[in-house]
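Sequence lines, in order, name chains Z and V.
Numbering-wise (the UniProt record's numbering), the first sequence opens with residue 1 and increments by one.
Numbering-wise (the UniProt record's numbering), the second sequence opens with residue 1 and increments by one.
Among the hints, erroneous ones may be present.
Cβ pair distances, simulated, as ranges [stated by the list, open to error]:
#1 V:Glu125 - Z:Tyr324: 19 to 29 Å
#2 V:Ala152 - Z:Leu173: 28 to 38 Å
#3 V:Phe112 - Z:Pro253: 23 to 33 Å
#4 Z:Phe123 - V:Val66: 50 to 60 Å
#5 V:Gly47 - Z:Lys151: 49 to 59 Å
#6 Z:Tyr177 - V:Lys91: 43 to 53 Å
It should be emphasised that the hints constitute simulated quantities derived from the structure, not laboratory data.
Glycine is no exception: its CB is placed at the ideal position from the N, C-alpha and C atoms.
Here is how the chains run, residue by residue.
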Amino acid sequence: MKYQTQKIAYWYFLAAMILFAVQVSGGLIAGWIYVQPNFLSELMPFNIIRMLHTNSLVVWLLLGFFGAAYFLIPEEAEREIHSPMIAYLQLIILLVGTLGVVVTYVFNLFHGNWFLGMEGREFIEQPVWVKVGIVVAALMFLYNVTMTVLKGRKTAITNVLLLGLWGLALLFLFAFYNPENLALDKMFWWYIVHLWVEGTWELVMASILAYLMLKMTGVDREIIEKWLYIIVATALFSGILGTGHHYYWIGTPGYWQWIGSIFSSLEVIPFFAMMAFSFVMVWKGKRDHPNKAALLWALGASTVAFFGAGVWGFLHTLHGVNYYTHGTQITAAHGHLAFFGAYVSMNLAIFSYAFPILRGRDPYNQVLNMVSFWLMTGGMAFMTFVLTFAGTVQTHMQRVLGENFMDVQEGLGLFYLMRWGSGAAVVIGALLFIYAQLAPRREVISQGTGEEA
Amino acid sequence: MNQSPAPVPAMAEQDHPLDSLPGDLMIWVLIVSELLVFGAGLLAFLGVRIADPVAFAQDQDSLNRVAGAVNTIVLISSGYLAARAVHSPNKMRLWLSGSMVLGLVFLVVKWFEYTAKAELGIGIETSQFFTFYYLLTGFHAMHVVAGLVIFALIMRWPNPRNLEGAAMFWHMVDLVWVLLFPIIYLVR
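Bound-form chain Z, shown alone (with noise of 0.2 Å):
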């Protein structure tokens, strides 16, 4: 650790892995209603379990995201961060607001209070004091952060890492518009959810990648630069119409159809391209370093959010597709694989590069590490599959054949019951990542011991 305030991301990261055990096991839970809808159905209901497995999972990513940027910057701008208080103040008000968020959630405190209820749209559920929490936590931020950069050195890393930060925190600010129309609702609400993960989280996500990049294969930086502009080029030239595709059937007008279709298919292309990096990258680096864990997690979460983003989202993007398939179980499919090779990856890196140097110790629980990477990989490539093949028979039985959403849903049990399997290999996968992380070490990968290189 060179500075002394990159120590800042290890809080964040602890904060950001629990919340990690906490949205998985909500993800078993909500899998295991699939295949016994009763379950918990007294206790806690199904839309409750959903939010807090998708809410959760937004706010670790985040908290990895601005852990991220408190362990790379100092290092790119060289000087510390502009002030540790504000970065752990600002932890604790996100911290309060998940609290906050979840005891209101669980015990549906407040119902239909404007301040303190839960406001029940869809992944912005949060209450609107959670919500003022979060744009004051973002100023506090990017304030620390911005302050950091301009008065450090300035590189293509930061400042795409910068421009991501920015945009994700300026969109959040349509969580506090709530129009009476509900086609105007859903319009305003996709610049939060899709330019979020489509646009904004793109820029964070090469960036990080980019860093790793540059700090494990030793590439020039001027090589790494030029792929992260083609990349962050792409992202948003393909990304921000893109949003057209989910203004297909909310009552938009129809020419949405063609431009959705014509530029998200082109989404592909960022992803491709930071596949294409990752490992072009890892081919021409010369350098053999010893984090392997964190390489493979950096290759894995561009390969997987290739198949998952790209591939997966490509699959029923095109309007004459979706019209069939649209909130189908194709989408959490997609859903599922984008956001685990996407975010969860490239965050789960970040911690494996950063951990050991976080701890100042030598890259300990590697193979540990890697089993947690085939084994999660593994189970959300599965889970992928069977949703696939359970979203083709819903979409024909459904869809095609104009059969009854439960009747249909009867008749895909056996792929639930599948798709429970491979998430309880993704939970057992999660806790072995955050034991390999935090649990003292045991076997080390290091020249002279088995698997050298």
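Starting from the known structure of chain Z, arrange chain V on it as the hints suggest.
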């Protein structure tokens, strides 16, 4: 396997094939992206046309082919003047002004075409043909506007490298029109 040496700045010394491209790499990324979008749009247009050739032919007949042909000549001439601007640094402003005037002429002609359609009550939702017509020519016209803004910036802050990039962008706008015009206005 033997231990590899200290980090090597890979590819740093050798010339990359991309380095021999004129202009900035990023303008090529943009040009290729634009061609993909317009290409996909035109393919979709032709694909949808197969399903209903009669309606498409009817709608196409209501277009002003003369205006389209005039605009083709105008835009290609504008591209020529932009190329001259790149090659004659002393008269750069003169050539570029000429190129911009023709760009404006293109937009004025396009404006008359659009208003004539609007007076007949024809809009983007009128038919499949007109959805594509307005999407493709509308996006293209926005690029003409963008090109004029870029040229204006270059006139204010001249720089050979940026001028080259701007001219490349302008040629792309030309090229797209040369594809749009026959496919949307002429092909039967």
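Evaluated hints:
1. For the pair Glu125 (chain V) and Tyr324 (chain Z), the beta carbons lie near 23 Å from each other, so the given range of 19 to 29 Å is met.
2. In this structure, Ala152 (chain V) and Leu173 (chain Z) meet the distance hint of 28 to 38 Å, their C-beta atoms being roughly 32 Å apart.
3. As the Cβ distance of Phe112 (chain V) to Pro253 (chain Z) is approximately 24 Å, the hint placing it in 23 to 33 Å holds.
4. As the Cβ distance of Phe123 (chain Z) to Val66 (chain V) is approximately 53 Å, the hint placing it in 50 to 60 Å holds.
5. Checked against the given bound of 49 to 59 Å, the beta carbons of Gly47 (chain V) and Lys151 (chain Z), roughly 55 Å apart, stay inside it.
6. At roughly 52 Å, the beta carbons of Tyr177 (chain Z) and Lys91 (chain V) sit within the given window of 43 to 53 Å.
Of the numbered hints listed earlier, not one is contradicted by the structure.
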